Amino acid sequence: MADLASKLPLSPAPITPEQLEQGSSLWSDAWARLRKNKLALGSLFMFILIGLFCVVGPWLSPYDSQAQNLFAGAEGPSADHWFGTDTLGRDLMVRVMEGGRISLLVGLVATSVSLLIGVVYGATAGYIGGKVDAGMMRFVDLLYALPFTIFVILLMVAFGRSLWLMFVAIGCVEWLTMARIVRAGVIDLKKQEFVEAAVSLGLSNRRIILRHLIPNVLGPVIVIATLTVPAVMLLEAFLSFLGLGVQPPNASWGVLINEGQQNMEIFAWLLIFPAFFFALTLFCLNFLGDGLRDALDPKSAGD
Amino acid sequence: MMISNATRIVRLALSTMFCSLLLACGGPTEADQAAQDGILLVGNGSEPKGLDPHLVTGVPESSLLRALMEGLVAPDADDDLAPAPGVAESWESNDDFTVWTFNLRDTQWTNGDPVLASDFVYSWQRILSPALGAEYAEMLYVIRNADDFHQGRTENFSQVGVRAIDDRTLEVTLEGPTPHFLGMLMHTSFLPVNPRAVEEHGGMTDRQSGWSTRENYVGNGPFQLKEWVTNQVIEVERNPAYWDAATVQLNGIRFYPIDNVGTEEAMFRDGRLHLTNTVSPDKIPSFQSEMPDRLRIEPYLGSYFYRINTTRPPFDDVRVRRALALAIDKQLLVDRVTQGGQTPATGFTPSGIDGYPASDAVQFDVAEAQRLLAEAGYPGGQGFPNAEILINTNEGHRKIAQALQAMWQSTLGINVGIYNQEWKVYLDSQSNLDYDISRAGWIGDYVHPTSFLDIFTSGNGNNDTGWANPQYDALIGRARVAQSEDERMDLLQQAEAILLEEMPIVPIYWYTRVYLKDPRVQGWEPKLLDNHPYKHVSLRVD
Amino acid sequence: MVKFIGLRLLQGAIVLLAIYAVTFFLVAMTPGSPFSSERAIRPEILAQIEAFYGYDKPALERFWLSLVNMLQGEFGPSAVYANRSVTDIIGEAFPVSLQLGGMALVIALLLGIPAGIIAAVKRNTWLDYLPMSLAMAGICLPSFVMGPMLALLFGIILRLLPVAGWFGPEYWILPAGTLGLVYAAYFARLTRGGMLEMLNQDWVRTARAKGVPERQIIFKHCLKGGLIPAITFLGPALAGIISGSFVVETIFQVPGLGQWFVRGALNRDDFLILGLTLLFAALIVVMNLLVDIAQVALNPRLKHG
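So the protein lines, in turn, are chains A, B and C.
The numbering of the first sequence is the working numbering, which starts it at 1 and goes up by one.
The numbering of the second sequence is the working numbering, which starts it at 304 and goes up by one.
The numbering of the third sequence is the working numbering, which starts it at 846 and goes up by one.
Keep in mind that the hints were calculated from the coordinates and are not lab data.
Any given hint could turn out to be false.
[Claimed, not checked] The following label-pair restraints were derived from C-beta to C-beta distances: (1) Ser112/A / Gly936/C: 54 to 60 Å; (2) Ile1001/C / Ala548/B: 19 to 25 Å; (3) Gln856/C / Leu105/A: 26 to 32 Å; (4) Asp340/B / Met994/C: 48 to 54 Å; (5) Leu105/A / Gly936/C: 40 to 46 Å; (6) Glu889/C / Asp409/B: 26 to 32 Å; (7) Leu998/C / Asp416/B: 29 to 35 Å; (8) Asp416/B / Glu906/C: 49 to 55 Å; (9) Arg823/B / Asp901/C: 50 to 56 Å; (10) Gly899/C / Ser112/A: 38 to 44 Å; (11) Thr124/A / Glu889/C: 37 to 43 Å.
Predicted, not measured: the structure shown is a model, and the values here were computed from it.
Just so it is clear, CB atoms sit at the ideal spot from N, CA and C, and this is done for glycine as well.
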């Protein structure tokens, strides 16, 4: 991947304070653009609904996600069990809710880890520049060339017992793109005349950092973060397919989907409900990410 | 005009689709065609790790070896105890079953060499050579001084109790009286290999010797290797030089290495297999109602159980171990979770072995379990420390563990966790006693209780529970040299009673083989060891 | 250009060496061993097996030996599959993955790029939302759901295609389609983004004002630049797609490399893991180089510094 910075056109025109201050309206502009994007807005709304369903739902449900009833195994949706029951007779609705908690948490934890490493690493590389930058980025290239599957499986085999370690491990793998984006952003900013102009115009450091530096890096970072969450959730689902996912009796959406997939003809509901929520969430996050990208950075909507 | 055009296109498309549907439905499936051609299509689990009988350990490999190789005796079509003649056309033993003499028939290897008595001597020396590192060499410890040679105490193989009297006579001297020796001989570890082929490709003790590749394979079984495409198919064809070629009815067999049970089932339903390796447990009830003529559920000589680490508190207390074993409703488990017609295990050695009625010592008894746990200091589960069930990664094991977890929670009030490890890591944890409770399974190598009870003697490499009991060891030792089979069985029963009193294990169920079978497959009878001889199998043509 | 390629190849060689070292020690530190067996093996026998594969030596010495062997093109034997060298395994499986991946890639490009172009041109209308939603379905449903559903529909219900195996053209459709759908979604999104960037440029507005036909603007002026993000992604996508997909290969019983990646790691088949890692890394390095060259060709504005 070539440096993103080199693709962005530099603005040669002289800058007035008014123009500079327009940068401060980036967020309100972005919001205005986002509001026009019905799909992104709907996605945001839907994502919040799903989040509420998963977080609040289990407290409202009369069922315990781990209470088995072997005599009521794998029964279709009914008035008692709206989503039906699984093969061990557990209420599927509450399992989908709690699975959502785990899947979303997993997505957020791994993304936060990748965010933390990526931003610090990328900013350092971009800010220092020169040989340090080159060395740090070659290291990123190196990690890119590691086959992900083998790497994750070995990590899982080594740390298999702890959910948290596992997702810290995934976060450790997912930070590469983040680091590249942040580095490109920082280098871009260093070159921008408006930063120097802002300094010479006597704007305070605080104002420069808050209104110019942070928004400019934050935009792409938010976009990448929004897209990392679904990527991590898919990865978790893949690990569930291998049987390496969350440990029972807990279950993530990935685990539930994998269980459902195996019996999709006879117990269709075991696949449909978790897959629906999983797909819908990924759908929302992806569209939200695209929408944010369009809104925050209308000129460079590319990856 | 526009509309009628569109309609015409749609109609055309639909009729094309319909025709192709008809064609697809009406035409013969691959299984139909193969049945015509006398080719059996078998789902065979996973890609075989090799075809060298002395180095392989798995079920898919032994299934292939039954087609490609033949030992002194061969499995019978439906009798689990009495073997059929193989390379040996007859045999006799002395009165106390310690010296066996085999008379070999005039038969040959696929490279044209005759199968000689000395080939067996060579083969058994090969598997017992320490440098080969054969995982199953200990099966041959039944032969006199085999352990000395294998453990390097002697390098002189002539001290080991196997001797070629002439080209067609083999004499085997055993460590002790072993009436069930013929049953053991059916195991893959006793199969012969062709000495010339082995010597030409690296020699006796080369683990990577190339004799067992597709190009170089030399066998003596009813079928010979025709094609082997990795992860795709292994095809064998009728071996014209086989001594009993007239009995062989199939022209060939295609073994498909299919790991994924869903894929295998789809292939069966799509008419691409005559036999599957297994069936997903959750689907058994629906197969039972939809295709009862295809679903097969047969007893299988194996025991599913949990090992308990007796070196770790609180499991060093026999009352805790007994409480765990008595508190689970195994009938409910097999009815609602495993669903494959398994028998709830009331002992360790499975039922079905002639002359050895299975123990009924371990029943479902909640009151007794609760009493024992309270006596051990954990009334109602109070104060019971955190413990975990170790399983190897597998959907079925995971489900059983969850059911047992819930049962222990509701009957004993104790909370145990579940964690899974990958196969190799799980094996290491288990043998290093790095677990609390560990799921396990044991399949008999031959139809005799010693194949099960031997593993719990102290220091046995497969014990893995830290449990040792001198009385148990003594009984097993006495059974080994017992003069009559009745006496032996009696001693073994006493030993098993001790095992079930001390409970280093929680017996769960006795296995069944559950699979799908095309009704056209003939001569495929239930076998306790699942060792169906392919030479008696045929395909009915409708 | 020659200097540029030479420099990149040199960098690539260093990356490969580093990856080899990282993987070797990662594998060495992972618990379990390729020789763990269900039946207990006597310690002295286990020692014999370990000696046979060179595991009796300390890790550093093993690393050095394997490195020397590898530089001579010798990847060693599989520690789990008898009589098979890592070279054999890769040699058998790689062409299959190459074929599957190639077909999947064609499907992905044929579906993804037009969808992305339409979506960008008709931004924020239903012609944007609909193809993007369809494309997104490829990302949002895990392939282990998509695969069995397609097999059920086309194989068992409609009886049009075989459900598993790799024996001829009719067997290729379902796995290549499933794998292609996943990548189509990514290409669609990237193309849409790239096209939007181009369409938003000032000269496009000028051209429109001058009455240049929309078709000409899109295909003649914007397409080349708009495809850059998709082409950038082509590198990693190609490497990923031709090194196989475990899920698709498992579900459709395709004898490709993907199964070996997972099986190697789960079996702790150390030499195989090393060989596959190296192959994958080499693919990435080469693909990225090709992509860089393609980018320069598409966009002479880009200078490599």
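TODO: State, for the Cβ atoms of Gly899/C and Ser112/A, whether the hinted interval 38 to 44 Å holds or is violated.
DONE: 42 Å, holds
TODO: Given the range 48 to 54 Å, decide if the beta-carbon distance of Asp340/B to Met994/C lies inside it.
DONE: Distance hint for Asp340/B, Met994/C is violated at roughly 33 Å.
Open item on the list: Please check whether Ile1001/C and Ala548/B have a Cβ separation lying inside 19 to 25 Å.
Closed with: 38 Å, violated
Open item on the list: I want to verify a distance hint. Is the separation of the beta carbons of Ser112/A and Gly936/C within 54 to 60 Å?
Closed with: Check failed, 43 Å falls outside 54 to 60 Å.
Task: Outcome for the supplied range 50 to 56 Å, where the beta carbon pair is Arg823/B and Asp901/C - done: At 53 Å between Cβs, range holds.
Open item on the list: Given the hint of 26 to 32 Å, is the C-beta distance from Glu889/C to Asp409/B inside that range or not?
Closed with: 40 Å, violated
- [ ] Confirm or reject the claim that Gln856/C and Leu105/A have a C-beta distance inside 26 to 32 Å.
- [x] Roughly 39 Å apart at Cβ, these two residues miss the hinted range, so it is violated.
Task: Whether the CB-CB distance between Asp416/B and Glu906/C falls inside 49 to 55 Å - done: 42 Å, violated
Task: Supplied distance hint 37 to 43 Å, evaluated on CB atoms of Thr124/A and Glu889/C - done: 53 Å Cβ-Cβ, so the 37 to 43 Å window is violated.
TODO: Could you see if the CB distance from Leu105/A to Gly936/C stays within 40 to 46 Å?
DONE: 43 Å, holds
- [ ] For the range 29 to 35 Å, tell me whether the beta carbons of Leu998/C and Asp416/B fit it or not.
- [x] Cβ of Leu998/C to Cβ of Asp416/B: about 53 Å, so the range 29 to 35 Å is violated.
Going through the hint list in order, the structure does not satisfy hints 1, 2, 3, 4, 6, 7, 8 and 11.
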